[in-house]
Structures are given as C-alpha cells and as structure tokens.
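A.B. asks: Residue numbers (this note's numbering), protein chains in the order written: chain A, 1 to 330; chain B, 1001 to 1144.
Derived from the structure by calculation, the hints contain no laboratory data.
These figures come from a predicted structure and were not determined experimentally.
Glycine included, every Cβ here is placed at the ideal spot set by N, Cα and C.
It cannot be assumed that every hint is accurate.
Said to hold, decoys possible - Per the computed footprint, the stretches of chain B lying under chain A, defined by three or more beta-carbons under 8 Å from a beta-carbon of chain A, are: (1) 1035-1046; (2) 1079-1086; (3) 1125-1133.
As the list claims (entries may be wrong) - Within a straight-line C-alpha distance of at most 27 Å, the following computed BS3-like cross-link-like pairs (lysine-lysine) qualify: (4) A:Lys11 <-> A:Lys147; (5) A:Lys68 <-> A:Lys147; (6) A:Lys240 <-> B:Lys1127; (7) B:Lys1144 <-> A:Lys240; (8) A:Lys72 <-> A:Lys11; (9) A:Lys288 <-> B:Lys1101; (10) A:Lys193 <-> B:Lys1143; (11) B:Lys1101 <-> B:Lys1116; (12) A:Lys76 <-> A:Lys118; (13) A:Lys193 <-> B:Lys1007; (14) A:Lys147 <-> A:Lys29; (15) A:Lys193 <-> B:Lys1101; (16) A:Lys147 <-> A:Lys227; (17) A:Lys227 <-> A:Lys193; (18) A:Lys240 <-> B:Lys1135.
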Amino acid sequence: MQEINRAALIKRASELLSDGTADRVLGWKAGEFDYDVTPAVFHSVEELEKDFVWGDFCGANFSKYLIKETQKGDGKVIVFLKPCDTYSFNQLLTEHRFDREKVYAIGIPCDGMLDITKIKSMADGVLSVKSEGDEVEIETLYDGVIKEKRENLLPDRCVHCKSKKHVSYDELMGEDGEVLDSGRFDEVEQIEKMTPDERFAFWQGELSRCIRCNACRDVCPACTCEKCVFDNPDSGVENKAAANSFEDSMFHIIRAFHVAGRCTDCGECSRVCPQHIPLHLLNRKFIKDINSFYGEYQAGETIGSRAPTVNYSQDDIEPSEAVERGGDNA
Amino acid sequence: MQVNEYKPLIVAFCCNWCSYAGADLAGNNRLNYPADVKIIRVPCSCRVNPMFILRAFQRGADGVIICGCHPGDCHYTSGNYYTRRRMSLLFSMLDYLGIEKERTRVEWVSAAEGAKFAATMNDFAEKVAALGENKRLEDLRCKK
C-alpha cells in the first residue's frame, strides 16, 4: 500500500494550481480497470478530482514527458516523481533536455508497484486489485476473490529496488528513504555463469519474441533523440525480419549500448514490453561492467556528472581483458 | 572440379594515421597476410560506431577487428581512449549474448609496425577460421 494517498496529492496539487505556482499537473489518469492507468495532463482541480489516480499501477516515469510538456506554454508543470523517477529527472537535466524553471517537482514515496502480468498469471478475469497493508486483494470474474502477499506481486524492477531516496525535488511529501543494496546484479551474474552456448540460447529465446513495437525505446527516459537510427528505412533493422534473429539482437544491443552510462536503471523498458522480455538485464549488464571497469557510477545521482562512456582515463582496461573478465568479474 | 575451401571474411577498421599506414608498410615490406582481410579506412578508431561492427556481421563478416594508434598516440589526442571504453563494453555485451569472443578484437598498431600488422591479421584470421562461419550474427536477408 502506498504511504501517501490520492486525496493528499490532489489537495497539494490543487493548492499549487490555485495559488498560481503552476498551471497544469502531470499525473496518472484512471483507465477502465484499476491496472490500466495512463499518464495525463490535468489543467484544473475539477479534472484532478474526476480522473487523477495514485496507486499500485502508477509505474509510469514522468521524466521523459517533461521534455514535450515544458515546451508548451510559459507556466510551470507540477510533476509527481517516485524515487527512481528522480534519477531520470536528474539525468535529463544533465543532458539539458528540459527547462528546470518550468517544472515544480513533488517527490512522493513509493512502496513498489504491482505487476499486472504476475497477477493475471494467477487469476482469470481480473476485475479489481486493492492493496491493504502487505496483502493484495484481487477480485476476479472467474476465480472469486484471491488474496496474495504483496511481495509476490512486485515487478522485477521493484523486487530489486535500487533506491527509496529522492535525488531531486522542489518539495517532498512523506518520508525520504535510503539508497538500497538489493542485489540487482544477481540475475546478470547468473547469466554470466552460463556457457556461451547457453547464453546464446537464453537470449535467442528472449529476444526472438520481440515484435519490434519500439515501446522500450519510446518509453525510455534516456532515449530522447529527435531522430532515431531505427526509424531510418535504410538502417536494415527498421522492422521485424521474417526469416531470422539477427535483427532482434542488433536492435537490442544498439538500444542498450546507446543508453549505456546514461541508463538510470528505472526499469521502464521491461515494464512496457508486451512480450515480457527482461530488457533491464541488458542495461544492468552495462551498468555492472561500467562499475567494475571504471568505478561505481550511478547515472542521475548528481546533476552534471560526466557519463563513463564520454570520459576516459589513461590506464583503462583493454577490450581483450574486459571480455576475459566478463564472466567472473563479480 | 572446384574445391570450396572455407575462408573467413574479415573486416578490419584501420585508423588513417597509424594502422592504415602500418598496413601500407606491411605491403611495402612484402609481408604476407590473408587476402580475406578487407580493410576499411576510418579517420580515427573512435569513428567506429558499434553499429558498424554489427552491420559488418550482418553483411556476412566472420570477424571484425579494429586497429588504431597506441593509447596516448592518437592523432586527435584522445580518440582511441574512447574506442577503448566503447569496445570494452560492446565486446563484453556480445560475450554476454553468447557471441564467440574470438570474433572481435581491438589491436593497437602504429605506422611503424608493419610486421605487427601482418602478424596480427594472420593470427586473427587463423582464430576466426577455427571458429568457422559466423552463424550467430548472420542475417539471411543479406546472404548472397
């Protein structure tokens, strides 16, 4: 269950709207079901009262939305940021992607989101999902009411939550947490321990499911190029190949490489993937390698820090050495 | 009767200022290296975008090698330092995806090292030939 409730957020946003601090709110809007929450812009208190929601399915990271939203009009935008969103927020500021003056950022604590895929895999015809303390009550059409422990329904990114601490905000509601050591590289290490053939088979199994919807690219707060290489019809990988798997690997290697050193590990790519490919495992491999080759680095921790991929030192590790260390650099 | 002996196709990205001149020197000195090594001249080794490497594999290369000036000797002062970081990360990622790590390599070859250039290419071609055809990163659409 989330520490702050919907009413408190609406109350604070309404105050800021009426005293002229800001003229619109970037928030989550209710969908048909509890779990299909969508990002939206609210212009008035009435709109907030009607459609605004805050709960266990408000996973969307708003940092990227600020790029477009701050370009519309002169007033400030109120934005709600969970701890992991604040890292992306900082990273985009580092890259000068939006005007900080046009944003009023409210940090809100997050108790982890829920994974609708996990819920749907255990219940047929989900009608509503309610959280009460550590328990989640799922009302279904065919299976009656199911109760399940909250920790079993967290998405992978929240199981391995990297931080409950907000690194950037104008005001904070509720309590600030700590940076956590949650073993987020455990899965990466497991894959590294496999033989090359097993690794290849594993990734073939995962990546061949890709339908090239580009959702991972579109949602990624680090992917903010105005023109993307994958939209080029001559790129050779602009859409799904009928015959073989090269295209999937190439797309995902390039996508992950392009955000290496700038990826804050917010996990949005895996959340939006309609094929449930664990894309964060590619990003985390880069983060783990960067940490091990060039020293600990967390993108977005401070504004203005230089990403390891656009930096160097004279005694860096050689590529041949890096590959050798790949499997056992834990 | 024609015998089809397998020969690997190798793409070598050589920087204009050191390695390309090194390849020239190897030629001038009549040193042998496999004719299957196709050299692509780039202004600096850091011009090589990871996409170039994957594209080379897509179009049928069996191995890709990147040659640049020795660290510290870059014509543009720092280009090869960036190459070193990028390729460390990219090769480690390819290994993570199960692509054979012998198919990719970075080697520093100066303009005076014609012999090293030839030796490197011989060695690399041998290693790649031992692996056989590149199956894991091939694109059937690009097959001849």
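A.B. asks: None of the hints should be skipped; say for each whether it holds.
C.D. replies: To see whether the hints hold, each was checked on the structure:
no.	hint	verdict
1	1035-1046	violated (count 0)
2	1079-1086	holds (count 5)
3	1125-1133	violated (count 0)
4	A:Lys11 <-> A:Lys147	violated (31 Å)
5	A:Lys68 <-> A:Lys147	violated (41 Å)
6	A:Lys240 <-> B:Lys1127	violated (32 Å)
7	B:Lys1144 <-> A:Lys240	holds (20 Å)
8	A:Lys72 <-> A:Lys11	holds (24 Å)
9	A:Lys288 <-> B:Lys1101	holds (19 Å)
10	A:Lys193 <-> B:Lys1143	violated (33 Å)
11	B:Lys1101 <-> B:Lys1116	holds (21 Å)
12	A:Lys76 <-> A:Lys118	violated (38 Å)
13	A:Lys193 <-> B:Lys1007	violated (32 Å)
14	A:Lys147 <-> A:Lys29	holds (26 Å)
15	A:Lys193 <-> B:Lys1101	holds (15 Å)
16	A:Lys147 <-> A:Lys227	violated (46 Å)
17	A:Lys227 <-> A:Lys193	violated (37 Å)
18	A:Lys240 <-> B:Lys1135	holds (19 Å)
Checked against the numbered hints above, the structure breaks hints 1, 3, 4, 5, 6, 10, 12, 13, 16 and 17 and satisfies the rest.
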